[in-house]
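Visitor: So the sequences go chain by chain: G and U. According to our numbering, the stretch in the first sequence is residues 5 to 349, in order. According to our numbering, the stretch in the second sequence is residues 23 to 265, in order.
Everything labelled a hint here was simulated from the structure, so no lab data went into it. These numbers come from a predicted model, not from an experiment. Treat the hints with care, since some could be wrong.
Said to hold, decoys possible - In the DSS-like style, the derived pairs of lysine-lysine whose C-alpha atoms are separated by at most 27 Å in a straight line are:
id: 1; chain 1: G; residue 1: K174; chain 2: G; residue 2: K127
id: 2; chain 1: U; residue 1: K98; chain 2: G; residue 2: K300
id: 3; chain 1: U; residue 1: K89; chain 2: G; residue 2: K306
id: 4; chain 1: G; residue 1: K127; chain 2: G; residue 2: K306
id: 5; chain 1: U; residue 1: K89; chain 2: G; residue 2: K300
id: 6; chain 1: G; residue 1: K300; chain 2: G; residue 2: K174
Unchecked claim - Computed Cβ-Cβ distance ranges for the label pairs, DEER-style:
id: 7; chain 1: U; residue 1: S173; chain 2: G; residue 2: P220; range: 35 to 43 Å
id: 8; chain 1: G; residue 1: R287; chain 2: U; residue 2: G256; range: 47 to 55 Å
id: 9; chain 1: U; residue 1: E125; chain 2: G; residue 2: K174; range: 52 to 60 Å
id: 10; chain 1: U; residue 1: E73; chain 2: G; residue 2: V176; range: 47 to 55 Å
id: 11; chain 1: U; residue 1: A64; chain 2: G; residue 2: P220; range: 38 to 46 Å
id: 12; chain 1: U; residue 1: L222; chain 2: G; residue 2: D53; range: 22 to 30 Å
id: 13; chain 1: G; residue 1: L225; chain 2: U; residue 2: E73; range: 29 to 37 Å
id: 14; chain 1: G; residue 1: R287; chain 2: U; residue 2: S181; range: 51 to 59 Å
id: 15; chain 1: G; residue 1: D53; chain 2: U; residue 2: R251; range: 35 to 43 Å
id: 16; chain 1: G; residue 1: R311; chain 2: U; residue 2: H175; range: 54 to 62 Å
id: 17; chain 1: U; residue 1: T47; chain 2: G; residue 2: P220; range: 23 to 31 Å
id: 18; chain 1: G; residue 1: R149; chain 2: U; residue 2: R251; range: 21 to 29 Å
id: 19; chain 1: U; residue 1: T245; chain 2: G; residue 2: A161; range: 41 to 49 Å
id: 20; chain 1: G; residue 1: V176; chain 2: U; residue 2: G88; range: 20 to 28 Å
Glycine included, C-beta positions come from ideal geometry on N, C-alpha and C.
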Amino acid sequence: MSRLVVASIGPASSVQDGGRHGAQRYGLTVSGAMDRLSLAAANTLVGNDQLAAAVEIGPFGATFTAKDGAVRVAIAGAPRNADVAGKPVAMETSVTLKDGETLTLGFARGGAFTYLAIEGGIKGELVFGSLAVNARAGLGSPYPRPLQAGDEFTVDAASGASELRIELPKPVASPIRVVLGPQDDEFDDANKALFLNSEWKISATSDRMGYRLEGPAIKHLHGHNIVSDGTVIGSIQVPGDGSPIALMMDRGTTGGYPKIATVITADIGRLAQTSVGTAFRFREVTMAEAQDEARKFARLIKDLPDRMRASDTIELNIEALSDANVAGHAVSAMDAGTWQVTAEP
Amino acid sequence: MAATLPPPRLLPSGDSAVTVEFSRTIDDAANERVLALDKALAASPIDGITETVPTYRSLLVHYDPGKIGFDALGEKILPIATRPLPPAAKARRWRIPVAYGGEHGIDLEDVAKALNTTPDDIIARHTGGDYRVAMIGFTPGWSYLSGLDKSLHMSRRQSPRLFTPAGTISIGGIQAGIQCLAAPSGWHLLGRTPVRTYQLHRNPTFLTEPGDRVTFFAIDPKTFDELDRAAEAGEIVAEQVVS
Chain G
5 MSRLVVASIG PASSVQDGGR HGAQRYGLTV SGAMDRLSLA AANTLVGNDQ LAAAVEIGPF
65 GATFTAKDGA VRVAIAGAPR NADVAGKPVA METSVTLKDG ETLTLGFARG GAFTYLAIEG
125 GIKGELVFGS LAVNARAGLG SPYPRPLQAG DEFTVDAASG ASELRIELPK PVASPIRVVL
185 GPQDDEFDDA NKALFLNSEW KISATSDRMG YRLEGPAIKH LHGHNIVSDG TVIGSIQVPG
245 DGSPIALMMD RGTTGGYPKI ATVITADIGR LAQTSVGTAF RFREVTMAEA QDEARKFARL
305 IKDLPDRMRA SDTIELNIEA LSDANVAGHA VSAMDAGTWQ VTAEP
Chain U
23 MAATLPPPRL LPSGDSAVTV EFSRTIDDAA NERVLALDKA LAASPIDGIT ETVPTYRSLL
83 VHYDPGKIGF DALGEKILPI ATRPLPPAAK ARRWRIPVAY GGEHGIDLED VAKALNTTPD
143 DIIARHTGGD YRVAMIGFTP GWSYLSGLDK SLHMSRRQSP RLFTPAGTIS IGGIQAGIQC
203 LAAPSGWHLL GRTPVRTYQL HRNPTFLTEP GDRVTFFAID PKTFDELDRA AEAGEIVAEQ
263 VVS
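If we strip away everything but chain G, and leave its shape as in the complex, we get (with noise of 0.2 Å):
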């Protein structure tokens, strides 16, 4: 057994896997990766399950060191400076460090989660089947908070086997789609479309339960207490003040506030990885669309080895990532500490 220590880390980081289902009933969330794909991509990269744990880094950067042996990991997600003992490693790629050698992951470029996934993966006990971390009910599994620097983890010694890359589809910056509903009837139809078509940003004031969106006011037909019911992720409510949530991994599993919209399964990961400060639009379609696009990232997710090459292939160009918008901003506050609109009942 190799051990990977995490020599630093900053907020926001935690392990995650493909969530933790079952119990929604009970008033369990689902937790899990906020960027599924990033996550698969990062697992199938070192020949885990890909929806296995990974380590889900926040803004910040990160640093982790192998010791006791050879470690084998991969990287995909949010963009950053990466490098092993001063030689670059770029995204979306496997790199195994030898006995003592550190991995640097810089500030996110954009985006804010990095997902790095250990081969042979991360090892704990499993509470309703997933080691996610699920800070606020104390569940998650080798450390059921977010990660510290000193943390470390047991893992399997490095296979030896040769690096690779998956090349995932270029990102776009198209609008996030959402689906109306399911109390899209508390909204009048010019507060509908105000929705619809204006240009939100994330606030600083978000964290893993749920995004809170800044622009116009959206006001309610009937006021803003409903009975409370179910949410899911990617749920938008108004809350009285006219400012949508969108929920996200760590959501409570009711709400007692109208939910205009429900962002697509396709789009979650997308809108996850908008940086704070961002601007973007949504952009309704219909249930039919929605559910083609979720089966076509379901496949899309199946079909990520057949996009695995040898990763000494590609010349990774640090000039241009250099180039892309620096984090500051990216960075804020993604911090569990701040998030306080979430007051239920």
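Using the hints provided, position chain U relative to the given structure of chain G.
Guide: For chain U alone, kept in the frame of chain G given last:
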């Protein structure tokens, strides 16, 4: 053939869930239909449904759109949801101990003042209620109860508290609650129970189920401490009444 019940509304909750809504308000008859549909779907599963979440007035049905589409699922759910309700099964009943007032229930005095009565009277009205677990949500084990005495209906606090302790027994609007974990809340805190409605390494992990009946009884702070230690060690300190 018995007459069918009026159909619920099928509200899209994104591409992978549908809200089967029986009512817009809190209503025991609607909640019974929610729980009956939940039970029926558990007894004869529809391929593609992954998880269901009963609430006061609707059943949220999560499903895999790779297995079944919105329209096809709706066509399967509707006939089940409009079936006449089976005779009510016997509900489990829990007696939940509560230490009222003082540090355990910091809003008891204020609630009494607001309702022009005494703390003891509030306790009598709260323990006099016959409640039903309408749903469990928000955080693990938080049991939302219907059946709160009308004289205790009062609006939520102007500004929610960011922290309320584990085991909080509270009221908000026309609802009553048993809260398991520390959480933010805008409700009025009457007391605390040592009962854990959710405890990870205990069998069962979750104590209450939607449809269970609940009554409360008062305990003193010393008893609270004793029961709290027993509960921490994994004992179920709620009394289950066999009816």
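Visitor: Give a verdict on every hint.
Guide: Each hint tested on the structure:
1. K174(G) to K127(G): violated (32 Å)
2. K98(U) to K300(G): holds (24 Å)
3. K89(U) to K306(G): Satisfied, since the Cα-Cα distance of roughly 15 Å is no more than 27 Å.
4. K127(G) to K306(G): holds (23 Å)
5. K89(U) to K300(G): Holds, at roughly 13 Å.
6. K300(G) to K174(G): holds (15 Å)
7. S173(U) to P220(G): 35 to 43 Å: At roughly 42 Å between Cβ atoms, P220(G) and S173(U) fall inside 35 to 43 Å, so the hint holds.
8. R287(G) to G256(U): 47 to 55 Å: About 51 Å separates the Cβ atoms of R287(G) and G256(U), which means 47 to 55 Å holds.
9. E125(U) to K174(G): 52 to 60 Å: Distance hint for E125(U), K174(G) holds at roughly 58 Å.
10. E73(U) to V176(G): 47 to 55 Å: Distance hint for E73(U), V176(G) is violated at roughly 31 Å.
11. A64(U) to P220(G): 38 to 46 Å: With Cβ atoms ~43 Å apart, the hint holds.
12. L222(U) to D53(G): 22 to 30 Å: holds (24 Å)
13. L225(G) to E73(U): 29 to 37 Å: Given a distance of about 31 Å, which is inside 29 to 37 Å, the answer is holds.
14. R287(G) to S181(U): 51 to 59 Å: Since R287(G) and S181(U) have Cβ atoms about 36 Å apart, the given range 51 to 59 Å is violated.
15. D53(G) to R251(U): 35 to 43 Å: holds (41 Å)
16. R311(G) to H175(U): 54 to 62 Å: Taking Cβ atoms as reference, R311(G) and H175(U) lie about 58 Å apart, which means the hint holds.
17. T47(U) to P220(G): 23 to 31 Å: holds (30 Å)
18. R149(G) to R251(U): 21 to 29 Å: holds (25 Å)
19. T245(U) to A161(G): 41 to 49 Å: violated (55 Å)
20. V176(G) to G88(U): 20 to 28 Å: About 23 Å separates the Cβ atoms of V176(G) and G88(U), which means 20 to 28 Å holds.
Checked against the numbered hints given earlier, this structure breaks hints 1, 10, 14, 19; the rest are met.
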